[in-house]
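Protein chains: 2
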Amino acid sequence: MQTLSHPTREQIRFESVLDALAHPVRLRVVRRLADGEELTCGTTLPDVPKSAASHHWRILRESGVLHARREGRTILHTLRREDLDARFPGLLEVVRNAVDADV
Amino acid sequence: MQTLSHPTREQIRFESVLDALAHPVRLRVVRRLADGEELTCGTTLPDVPKSAASHHWRILRESGVLHARREGRTILHTLRREDLDARFPGLLEVVRNAVDADV
Chain P
1 MQTLSHPTRE QIRFESVLDA LAHPVRLRVV RRLADGEELT CGTTLPDVPK
51 SAASHHWRIL RESGVLHARR EGRTILHTLR REDLDARFPG LLEVVRNAVD
101 ADV
Chain S
1 MQTLSHPTRE QIRFESVLDA LAHPVRLRVV RRLADGEELT CGTTLPDVPK
51 SAASHHWRIL RESGVLHARR EGRTILHTLR REDLDARFPG LLEVVRNAVD
101 ADV
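The listed protein sequences correspond, in order, to chains P and S. Under the UniProt record's numbering, think of the first position of the first sequence as 1, with each following residue one higher. Under the UniProt record's numbering, think of the first position of the second sequence as 1, with each following residue one higher.
In short, the hints are calculated from the structure, not lab data. Predicted model only: the values in this text are computed from it and were never measured. All residues carry an ideal CB built from backbone N, CA and C; glycine is no exception. The reader is advised that the hints may include incorrect statements.
[As the list claims (entries may be wrong)] Computed, partial: chain P to chain S, Cβ under 8 angstroms:
{"#": "1", "residue": "7"}
{"#": "2", "residue": "10"}
{"#": "3", "residue": "18"}
{"#": "4", "residue": "22"}
{"#": "5", "residue": "23"}
{"#": "6", "residue": "97"}
{"#": "7", "residue": "98"}
{"#": "8", "residue": "102"}
[Unchecked claim] Computed from the model, here is a short list of chain P residues facing chain S with C-beta under 8 angstroms:
{"#": "9", "residue": "14"}
{"#": "10", "residue": "19"}
{"#": "11", "residue": "21"}
{"#": "12", "residue": "24"}
{"#": "13", "residue": "27"}
{"#": "14", "residue": "85"}
{"#": "15", "residue": "88"}
{"#": "16", "residue": "89"}
{"#": "17", "residue": "90"}
{"#": "18", "residue": "91"}
{"#": "19", "residue": "93"}
{"#": "20", "residue": "94"}
[To be verified] In silico negatives: residues of chain P with every beta carbon more than 10 angstroms from chain S:
{"#": "21", "residue": "3"}
{"#": "22", "residue": "6"}
{"#": "23", "residue": "35"}
{"#": "24", "residue": "44"}
{"#": "25", "residue": "45"}
{"#": "26", "residue": "47"}
{"#": "27", "residue": "50"}
{"#": "28", "residue": "52"}
{"#": "29", "residue": "53"}
{"#": "30", "residue": "55"}
{"#": "31", "residue": "72"}
{"#": "32", "residue": "78"}
{"#": "33", "residue": "101"}
From just these sequences and the hints, can you work out the full model?
Here it is in structure tokens:
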């Protein structure tokens with residue numbers, strides 16, 4: 001079973017977070033996570049092909065935007081809010097406002 | 001002579017701005033522009049090959065992050081601060097703090 005690796009808080013790079021956020025699908029995911037939702041990879045993006053969805057989740061995890069944990073056969077994702085707020089104060093609020101303004 | 005096209009304020013896309021910022025060279029440029037500097041493409045990035053530098057300036061211009069104008073044989077760049085503040089309040093401050101914290 002593949003290991004779900006995560007960067008430590010100190011390892012999170014600003015460029016990598018920006019790159020992870022720079023996609024409409026991933027922005028949509030992060031916006032939902034920002035509401036405190038815990039999202040499963042299987043059901044969150046029904047309109048995205050499975051391989052593409054896996055790619056998006058991995059980018060978000062490896063950049064440090066979200067935390068993933070296995071529960072049985074599914075993977076549950078939560079936002080790394082405390083880490084992101086500590087490293088890049090205000091970023092999540094900017095993202096939330098920008099996504100909401102675009103809806 | 002190539003036209004320097006710019007998106008209007010309303011055409012600026014959040015994903016495109018994030019993508020433009022998601023590179024250490026471009027972040028460095030934006031951080032300097034944020035101090036109010038007007039930067040020339042020729043002298044700002046002496047350690048970056050010319051073709052790569054041109055690419056970075058174009059990404060920043062086409063995403064709406066900066067404004068470019070010709071003056072003789074050079075191109076001068078300024079940050080589109082008012083447009084970015086209007087569309088994505090707080091983003092430039094987050095960028096400034098993140099880049100400064102990493103120095």
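Cross-check of the supplied hints:
Among the interface hints, the one on residue 7 of chain P is violated; its C-beta lies about 15 angstroms from the nearest C-beta in chain S, farther than the 8 angstroms criterion. For residue 10 of chain P, the suggested interface contact is broken, since its CB lies about 11 angstroms from the closest CB of chain S, more than 8 angstroms. Interface hint status for residue 18 of chain P: upheld, as the beta-carbon distance to the closest one in chain S is roughly 4 angstroms, under 8 angstroms. The criterion of a C-beta within 8 angstroms of any C-beta in chain S is met by residue 22 of chain P, whose closest approach is roughly 4 angstroms, and the hint holds.
Interface restraint check for residue 23 of chain P: the shortest CB-CB distance to chain S comes to about 6 angstroms, inside 8 angstroms, so the restraint holds. Restraint check, residue 97 of chain P versus chain S: the minimum CB separation of about 7 angstroms is within 8 angstroms; hint holds. Hint on residue 98 of chain P holds. Least Cβ distance to chain S is approximately 4 angstroms, under the 8 angstroms limit. The beta carbon of residue 102 of chain P is positioned within 8 angstroms of a beta carbon in chain S (closest approach about 7 angstroms), and the interface hint is therefore held.
A cut of 8 angstroms between beta carbons decides the hint on residue 14 of chain P: the least distance to chain S is about 4 angstroms, and the hint holds. Checking residue 19 of chain P against chain S by beta carbon gives a least distance of about 4 angstroms; that is within 8 angstroms, so the hint holds. Look at residue 21 of chain P: its Cβ gets to within about 5 angstroms of chain S, closer than 8 angstroms, so that hint holds up. Because the beta carbon of residue 24 of chain P sits about 6 angstroms from the nearest beta carbon in chain S, less than 8 angstroms, this interface hint is met.
At a threshold of 8 angstroms, the smallest CB-CB gap from residue 27 of chain P to chain S is about 7 angstroms, leaving the interface hint in force. Given the 8 angstroms rule on beta carbons, the hint for residue 85 of chain P is violated: about 11 angstroms separates it from the nearest Cβ of chain S. Restraint check, residue 88 of chain P versus chain S: the minimum CB separation of about 5 angstroms is within 8 angstroms; hint holds. Nearest Cβ of chain S to the Cβ of residue 89 of chain P: about 7 angstroms, under the 8 angstroms cut. The hint holds.
Taking 8 angstroms as the C-beta cut-off, the interface hint given for residue 90 of chain P holds, the closest approach to chain S being about 5 angstroms. Because the smallest distance between the Cβ of residue 91 of chain P and any Cβ of chain S comes to about 5 angstroms, under 8 angstroms, the interface hint for this residue holds. Interface hint at residue 93 of chain P: satisfied, since its Cβ lies 6 angstroms from the closest Cβ of chain S, which is below the 8 angstroms cut-off. Below 8 angstroms, beta-carbon pairs count as interface contacts, and residue 94 of chain P has one with chain S at about 5 angstroms; its hint therefore holds.
With a least beta-carbon separation of about 26 angstroms from chain S, residue 3 of chain P lies farther than 10 angstroms from that chain, consistent with its non-interface assignment. Here residue 6 of chain P stays apart from chain S, with its beta-carbon at least about 20 angstroms from theirs, past the 10 angstroms limit. Chain S leaves residue 35 of chain P outside its interface by the beta-carbon criterion, the shortest separation being 18 angstroms against a cut-off of 10 angstroms. At roughly 19 angstroms from the closest C-beta of chain S, the C-beta of residue 44 of chain P stays outside 10 angstroms, upholding its exclusion from the interface.
Non-interface status of residue 45 of chain P relative to chain S is upheld: no Cβ of that chain comes within 10 angstroms, the nearest being about 16 angstroms off. The beta carbon of residue 47 of chain P sits about 17 angstroms from the closest Cβ of chain S, which is more than 10 angstroms, so the claim that it is off the interface holds. Non-interface status of residue 50 of chain P relative to chain S is upheld: no Cβ of that chain comes within 10 angstroms, the nearest being about 22 angstroms off. At the 10 angstroms boundary, the C-beta of residue 52 of chain P stays outside the reach of chain S, the nearest C-beta of that chain being 16 angstroms off.
Listed as outside the interface, residue 53 of chain P is consistent with that label: its C-beta sits roughly 18 angstroms from the nearest C-beta of chain S, beyond the 10 angstroms cut-off. Residue placement check: residue 55 of chain P keeps its beta carbon more than 10 angstroms from all beta carbons of chain S (closest about 16 angstroms). Distance to chain S confirms residue 72 of chain P as a non-interface residue, since its nearest Cβ pair spans about 34 angstroms, more than 10 angstroms. With a closest Cβ-Cβ approach of about 21 angstroms to chain S, residue 78 of chain P is found to remain outside the 10 angstroms limit, as its non-interface label requires.
Separation of residue 101 of chain P from chain S is inadequate, the least Cβ-Cβ distance of about 8 angstroms not exceeding the 10 angstroms criterion.
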